[in-house]
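Just so you know, the protein sequences line up as chains A and B, in that order.
Counted from 1, the first sequence has number 199 at position 212 by the numbering used here; the numbering is strictly sequential.
Counted from 1, the second sequence has number 238 at position 251 by the numbering used here; the numbering is strictly sequential.
Rather than coming from a laboratory, the hints here were simulated on the basis of the structure.
These numbers come from a predicted model, not from an experiment.
Please note: incorrect hints may appear among the correct ones.
The list treats identical chains as interchangeable, and a pair is accepted whether it falls inside one copy or across any two copies.
In silico DMTMM-like links for lysine to aspartate or glutamate, alpha-carbon gap of 20 angstroms or less [stated by the list, open to error]:
#1 K97 x D0
#2 K284 x D80
#3 K17 x E65
#4 K284 x D202
Number of protein chains: 2
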Amino acid sequence: MALIRRIHGWLGDANPAPPEGIGDDCAVWKPGPGVGWELVTVDGVCYGRHFDDSVSAWDAGRKLLARNISDIAAMGGEPVRGVVALWLAGATDLEWLHAFYSGIRDCALKYGVRIVGGDVAEAPAGVFLADLTLIGRCAVEPVRRGVAREGDSIWVTGALGGSLLGKHFRFEPRISEGAWLARRAGVKAMMDISDGLAKDLVSLVGGRMVELDPDAIPVSAEAVRFAAGSGRDPLYHALSDGEDYELAFVMDAKADPNGFKREWNACFDLPVACVGRVVSGSPLEHGLPAIRLAGGKPWTYGSGYEHLG
Amino acid sequence: MALIRRIHGWLGDANPAPPEGIGDDCAVWKPGPGVGWELVTVDGVCYGRHFDDSVSAWDAGRKLLARNISDIAAMGGEPVRGVVALWLAGATDLEWLHAFYSGIRDCALKYGVRIVGGDVAEAPAGVFLADLTLIGRCAVEPVRRGVAREGDSIWVTGALGGSLLGKHFRFEPRISEGAWLARRAGVKAMMDISDGLAKDLVSLVGGRMVELDPDAIPVSAEAVRFAAGSGRDPLYHALSDGEDYELAFVMDAKADPNGFKREWNACFDLPVACVGRVVSGSPLEHGLPAIRLAGGKPWTYGSGYEHLG
């Protein structure tokens, strides 16, 4: 985060204000009158960092595309076109690479993405990594992060935690759900959960104080299994593991949560849950804690997953 | 090239036909009625491959953006928005990184590009690399590669060869020239010269035979200086060094070359030269030689710069 803030400063006037510039799941702009919004995001995978020999090449390729699709879905957009920049050393196994691109292809065909270009370049020995830039579109205005007021409620899709047991490679980006949410007037802010709900909430609500109801948080079966090994509370894993690729969103205090849930259930099998609300009070020093559990106990982040930067 | 063909096959139906899919300087599509064409390209730089400690961080950052701008210019487009995916190890010097981003920023401001997003991820120890994806637009139909018939003439801008003496970092992408050429009815095909004219011509004319006039080829002063050290003919360097980032284009046999040159000279200080023409005859085995010098001598590629893949 600190490094991204620095880069923001270094780019100066070359980086426009959000939502066009740096600071949300995607960059967003209107290419012309009557054609809706366009979105772009970029994310990569690196051997030894994001996957290793225990992971199939197909899974690694699929994840490269799926995590970018999740960023587009997180603003209500539909993914359309991607380009892949591949860095590989001379010794890369062609069969492995074929499976990697098959993972990209199968994911692209499933979600209607076209891979329209790319680059292949030689990396230093032992290095394999790939960046995928994904362009999407959205007929309505994309839903940003950081828009929330006291009384607004916080919602999440699916179940959280324990992603390392498999979901971090096999998650389904929430495209339909994101597009549906972007069309509802009461939905004010949205993002996908990549670093864990506890950490991501700070961006979602723009640094306001949030009170979570521990009993309402959808703890996954994997979080429970994970907790059996870690000795921590399953709730900890649900809030801190990250790589859930579920949607977290803010609903206006004036919206009707029961009516919303009824309509949601008529459209989707995926569960949705109201997990808390924005309350008065401001974050303490260093922005932490911005979350307290119902009853007033501040949430401590512990060793939740932290992206570099 | 062989690897890119394989990737093409592996992607199958996920990769549409050119110009939307893989196979030109950029991928090209129309985002909607009345808004022209959109283009996207991606290219990267890697420490130890594309630059080393003899190169300033500012130059490396500038080149990352400028080589992508050259790809947009090569189809007649105007660069608009870019995203940067950065891979760095923990030990990267912040001052160096600041200068790298300053190079990107200064180039972006000069050519009207906005850097709208990016990603920062941790690379294996000792690795520093960055990919930049650039989106552009074009009010008229972008000029593709590979469209040429017998009798068409081949043209190049600027002077060629010896780029390693400095131009490979300080070249000016030919945006205005490319946009001007895209608006002329007689210009059928265009690309930028990155691998050297001899190699790039094969893509420019779609594998047809080309006869070059050695006396018409604009050999740069740097190619002459380079030849003094290499013991080769300056013409060899002009045709094979690569990284010229000049435009090469095909003009229809029916177009008036003198009228064209007059109008060009009224608009640009940059020289333009007709260097040869498409002749009858087909490339030999393996596509080589597709070029002969006036008089009939086939051009041998020798050790011209060859990109991986």
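Hints violated by the structure (numbers, ascending)
Of the numbered hints, just 2 does not hold.
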